[in-house]
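Chemist: Make a model of the complete structure from these sequences and hints.
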Amino acid sequence: MQNGLAESLCHIQERCVGKLPFDHAGVMRIVAEIQRGRRFPPSTFALYYDLVPALLGDDEATVLALFDALARERPVDASLQVLGLDDPALRACRERYVRFMNSDPSCPFDFLPPAPEQIDAFNRQFDRACDLLRQASPKLLEEMRAIISQVILVMGSKGARMQFDGGSAYRLWGALFLNAERHQTRIELAEVLAHESGHSVLFGLSTEEVLVLNPDEELFDSPLRIEPRPMDGVFHATYVSARMHWAMSRLIASGLLTEEECAQAVKARAEDRRNFENGYAIVAAHARLTKTGRTAIESALSYMRQAA
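First residue of the sequence shown: 0, per numbering that gives the first Met the number 0; consecutive thereafter.
Hints listed in this document are in silico derivations from the structure and should not be mistaken for laboratory results.
Beta carbons: idealized from backbone N, C-alpha and C, even for Gly.
Be aware that one or more of the hints could be misleading.
[Unchecked claim] Label-pair distances were calculated between CB atoms; the ranges are: (1) Pro87 to Gln305: 45 to 55 Å; (2) Thr61 to Gln305: 46 to 56 Å; (3) Asp58 to Gln305: 45 to 55 Å; (4) Gln305 to Arg123: 33 to 43 Å; (5) Gln305 to Asn122: 35 to 45 Å; (6) Glu270 to Ser298: 17 to 27 Å; (7) Glu207 to Glu180: 35 to 45 Å; (8) Ala24 to Glu297: 38 to 48 Å; (9) Ala88 to Ala283: 42 to 52 Å.
Modeler: Printed below as a string of structure tokens:
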């Protein structure tokens, strides 16, 4: 994803040099930093995904403003930031983050900032969950830290028909949105981290081709949603269910859980298996898979067939 961003920005600046008065050096600095192995935050991807349609639409004023904002972007270090939605660090990109995360008109959410005490409580639980993963499933934690640079904490409106649990978006590569109050134990938090970072894994696999060829107008039952979803959504839900099952299995096998936590992980793992089996039946019957999609789902199926 990072390399693809660099290649596309390089192409864009080549086509725009001499035609638009933008900060050429600032754009090429991003390209050079990525080529040196540095990572850029989700805000850089979000700006890019607004820049491209603005360029195609000949919206020069918007294009120049987006180029200026891109030139101010800086790489991130290896640490994983946990930020409330109203954190000052997100001021310039907050509207864009919310818009890209809320892109499904069939399932709109009101994203609200959590209170400071909720952020503090989440951070304590997040540290405990990461410490557990570090001991029980270090590869999962390492992968998550390599992919995710920002965890954005949000709240939902009280009384809303549907409450947001967690999510990620292709156009916000490196961001993971979580509801600050819906993951009360380190088992719940470890599972949702495995779940949501799994979507980002699939996004990363989709840089060359999509996973499924079914049109979005075709809707199917989904194992993780109450409403029918396009096949791409069913595919994602099925794949991440296997990943959640794997994470829970690693925790159970670690010997690090209390009796109560072990019971919670066993229950979660059983539900993850049911969700995978239900989702895979739909994928197997109706999905038109690409080579990439087939490779991904067959790896998940292979794991689930040999797992306890």
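Chemist: Please go over all the hints and tell whether each is borne out by the structure.
Modeler: Verification of the hints:
Taking the beta carbon of each, Pro87 and Gln305 are about 48 Å apart, inside 45 to 55 Å as hinted. Remark: the range hint 46 to 56 Å for Thr61 to Gln305 is upheld by a beta-carbon distance near 52 Å. Hint check: Asp58 to Gln305, Cβ distance near 53 Å, so the stated range 45 to 55 Å holds. Taking 33 to 43 Å as the suggested C-beta distance range, the pair Gln305 and Arg123 conforms, at roughly 36 Å.
Distance hint check for Gln305 and Asn122: the Cβ-Cβ separation is about 37 Å, which falls inside the suggested range of 35 to 45 Å. Our hint of 17 to 27 Å for Glu270 and Ser298 holds, since their Cβ atoms are close to 21 Å apart. Between Glu207 and Glu180 the beta carbons are some 38 Å apart, a value that agrees with the proposed interval 35 to 45 Å. Look at Ala24 against Glu297: about 46 Å separates their beta carbons, and that is inside 38 to 48 Å.
One distance hint, 42 to 52 Å for the beta-carbon pair Ala88 and Ala283, holds here, with the actual separation near 44 Å.
Consistency with the previously given hints is maintained throughout, with no hint failing.
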